[in-house]
Amino acid sequence: MKDLHQFLISPSQAAQQHGPHDRIVMSSRVRLARNLADFAFPGWAKKPERVKILETVLPAVSALPEMADSFAEAMDNFTALDKQILVERHLISREHAAKNVGSGLVLNRAETFSVMINEEDHLRMQALRPGFQIREAWNAIDRFDSALEKKLNFAFDNELGYLTACPTNLGTGIRVSAMLHLPGLVLAEQINPIIQSVNKLGLAVRGLYGEGTEALGNVFQVSNQMTLGESETAIVERLEKVLSQIIEHEENARQTLLEKKKKIVFNHIGRAYGILANAHSISSKETMNQLSFLRLGIDMGSFPGTERALVDELFLTTQPAHLQKQISDKLSAEERDLIRADMVRERLKNVSRPVTK
Amino acid sequence: MQCCVCKEKPATVHLTQIVGEKMQKLDLCEDCAKAKGINDPTSFAMADLMLGLGASQELDPSAGAVEIKCVRCGFTQADFKKSGRLGCPECYQTFAEGLSGLLKTMHKGVRHIGKAPEALRKSRETGDRLKLLQKKLNKAVETEDFEAAAALRDEIKILSGAAPAKIVK
Chain A
1 MKDLHQFLIS PSQAAQQHGP HDRIVMSSRV RLARNLADFA FPGWAKKPER
51 VKILETVLPA VSALPEMADS FAEAMDNFTA LDKQILVERH LISREHAAKN
101 VGSGLVLNRA ETFSVMINEE DHLRMQALRP GFQIREAWNA IDRFDSALEK
151 KLNFAFDNEL GYLTACPTNL GTGIRVSAML HLPGLVLAEQ INPIIQSVNK
201 LGLAVRGLYG EGTEALGNVF QVSNQMTLGE SETAIVERLE KVLSQIIEHE
251 ENARQTLLEK KKKIVFNHIG RAYGILANAH SISSKETMNQ LSFLRLGIDM
301 GSFPGTERAL VDELFLTTQP AHLQKQISDK LSAEERDLIR ADMVRERLKN
351 VSRPVTK
Chain B
1 MQCCVCKEKP ATVHLTQIVG EKMQKLDLCE DCAKAKGIND PTSFAMADLM
51 LGLGASQELD PSAGAVEIKC VRCGFTQADF KKSGRLGCPE CYQTFAEGLS
101 GLLKTMHKGV RHIGKAPEAL RKSRETGDRL KLLQKKLNKA VETEDFEAAA
151 ALRDEIKILS GAAPAKIVK
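Protein chains in written order, with my numbering: chain A, 1 to 357; chain B, 1 to 169.
Simulated from the structure, these hints should not be mistaken for lab results.
Note that this is a predicted model, so its numbers are computed, not measured.
For every residue, glycine included, the Cβ atom is placed at its ideal position computed from N, Cα and C.
Please note: incorrect hints may appear among the correct ones.
As the list claims (entries may be wrong) - Okay, the calculated bits of chain B under chain A, using three or more residues with CB under 8 Å as the criterion:
#1 81 to 88
#2 99 to 105
#3 111 to 118
Said to hold, decoys possible - No farther apart than 30 Å at their CA atoms in a straight line, the calculated lysine-lysine pairs in the DSSO-like style are these:
#4 B:LYS139 / B:LYS122
#5 B:LYS81 / A:LYS46
#6 A:LYS52 / B:LYS69
#7 B:LYS82 / A:LYS52
#8 A:LYS263 / A:LYS285
#9 A:LYS150 / A:LYS52
#10 B:LYS104 / B:LYS82
#11 B:LYS82 / A:LYS200
To be verified - Looking from chain B toward chain A, a few residues come up when the C-beta cut is under 10 Å (computed):
#12 ARG72
#13 CYS73
#14 GLY74
#15 PHE75
#16 CYS91
#17 TYR92
#18 GLN93
#19 LYS108
#20 SER123
#21 ARG124
#22 GLY127
Whole structure, please, built from the sequences with the hints as guidance.
Right, dumping it as structure tokens:
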């Protein structure tokens with residue numbers, strides 16, 4: 001087995017990837033769910049059948065030109081820690097991290113395509129892009145799917161479209177989503193009405209790593225919920241429209257905050273800097289929330305000479321599994337908090353106090 | 001207020017979601033909320049939860065009825081009630097009746113629009129075009145526009161091969 005960590009892009013490289021509107025849209029993804037016509041769905045198939053599916057799908061996916069340089073492995077060959085790292089990188093789902101024999105992963109070198117085999121469906125393939133690029137992500141995964149259907153016999157019904165294990169994904173099997181950093185709307189207390197109106201449009205808003213609607217680090221994931229009765233392009237266009245509006249609202253909220261509630265904004269940015277640059281013990285949750293305001297400060301020009309990539313890298317490296325990976329001994333949560341604080345202090349050593357104009 | 005899942009313990013977790021014009025409400029006790037994964041918001045999706053509950057209502061066999069079982073994979077309604085997932089692609093035929101109501105509440109429509117495997121794309125397009133022409137033909141007949149009707153009938157003939165066009169009033 002290849003070394004996963006030799007293969008993965010380093011957190012600093014990952015943080016350097018840029019895309020349109022990446023000040024607000026951290027990443028875009030489009031996922032398609034597909035199943036083979038002649039097998040039971042993964043949740044119902046017995047182990048030998050799942051292994052057979054994996055042995056059919058994994059070589060077919062690996063042989064695609066897009067996956068010429070790829071990491072292809074059965075899930076039972078990953079350590080629990082490596083699975084968790086893949087979750088923190090958003091390359092696999094939590095559900096997939098719990099899988100073992102009969103499930104697999106194919107990931108390309110650029111980390112723009114990730115295919116989970118035998119997650120909830122036989123195939124969950126996703127195209128990932130930095131910034132606001134959902135249309136590009138859709139085009140990429142559409143081509144990928146078209147190439148794959150020449151080799152695999154997908155379950156498709158004339159009326160119902162692509163058949164999926166869960167009826168919520170039926171039809172197109174598509175989930176279009178974007179990860180948004182919205183500290184302005186949170187501080188301006190406009191986030192709840194925005195979430196409500198987005199919900200009304202049939203779109204889901206979720207947090208980055210949960211906590212209901214109070215998303216960690218002011219990061220929100222917006223995605224479509226309905227998959228049947230609407231074409232892929234219509235869904236992509238609808239998401240594009242809604243996301244553009246959210247971006248505009250966030251920009252306006254930041255502008256208005258600077259004009260009318262300067263002290264509130266500078267207070268958050270200053271405190272975030274104070275804590276992150278001086279703490280000796282800090283939880284991953286607090287780190288995320290404070291990093292969010294540091295990121296906002298960088299966007300607002302409070303830290304001249306400091307790049308957003310610094311924060312984005314810390315967003316990753318301070319996650320529990322990423323932190324654990326850097327240390328050989330098994331750490332308790334308390335020990336991790338100490339090491340996390342040391343790491344963040346070290347990285348912020350050369351960042352000067354925020355400029356408040 | 002009672003929990004709407006176990007119908008035993010008092011409901012302490014209340015959820016509301018608005019989809020289009022419809023408002024859906026759920027009242028759960030702590031244990032059922034936990035069982036449905038609401039304490040782990042990352043894996044929780046309202047739609048999934050609704051599905052589980054909706055499923056138990058939609059697919060419950062009426063009293064005395066024989067339980068339906070998928071001939072291909074042996075999956076039953078009880079299994080669906082438990083997991084909210086189906087057993088195999090064939091299950092969509094097996095449980096078509098129970099699913100249709102569920103799909104209506106869950107999605108924008110009940111017929112797939114969009115991508116299809118290339119092998120099927122052509123026949124799908126032809127089918128759609130035929131349906132449209134047939135509609136136009138019926139209208140032309142209704143309005144006694146026989147010239148247009150004749151042209152449409154010819155087009156349908158060509159498109160559907162040898163099959164004769166039906167003129168349905």
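Each hint tested on the structure:
1. 81 to 88: It holds, with 6 qualifying residues against the three required.
2. 99 to 105: That given contact holds, which follows from 3 residues of the region 99 to 105 of chain B lying within Cβ reach (below 8 Å) of chain A.
3. 111 to 118: holds (count 8)
4. B:LYS139 / B:LYS122: 26 Å, holds
5. B:LYS81 / A:LYS46: Holds, at roughly 19 Å.
6. A:LYS52 / B:LYS69: Roughly 24 Å between the alpha carbons, so the hint for LYS52 of chain A and LYS69 of chain B holds.
7. B:LYS82 / A:LYS52: Since the Cα atoms of LYS82 of chain B and LYS52 of chain A sit roughly 26 Å apart, the hinted pair holds (cutoff 30 Å).
8. A:LYS263 / A:LYS285: Status holds; Cα separation ~24 Å.
9. A:LYS150 / A:LYS52: Between LYS150 of chain A and LYS52 of chain A the Cα gap is close to 19 Å, so the pair holds against 30 Å.
10. B:LYS104 / B:LYS82: Holds: LYS104 of chain B and LYS82 of chain B sit about 21 Å apart, inside 30 Å.
11. B:LYS82 / A:LYS200: 29 Å, holds
12. ARG72: 8 Å, holds
13. CYS73: Cβ of CYS73 of chain B sits 5 Å from chain A, so the hint holds.
14. GLY74: Holds: closest Cβ of chain A sits about 9 Å from GLY74 of chain B, inside 10 Å.
15. PHE75: 6 Å, holds
16. CYS91: Where the cut-off is 10 Å and the nearest Cβ of chain A is about 8 Å from CYS91 of chain B, the hint holds.
17. TYR92: 6 Å, holds
18. GLN93: The hint holds - GLN93 of chain B has a Cβ within 10 Å of chain A, the shortest such distance being about 8 Å.
19. LYS108: 4 Å, holds
20. SER123: 8 Å, holds
21. ARG124: 7 Å, holds
22. GLY127: 8 Å, holds
This entry satisfies every hint, going by the numbered hints stated previously.
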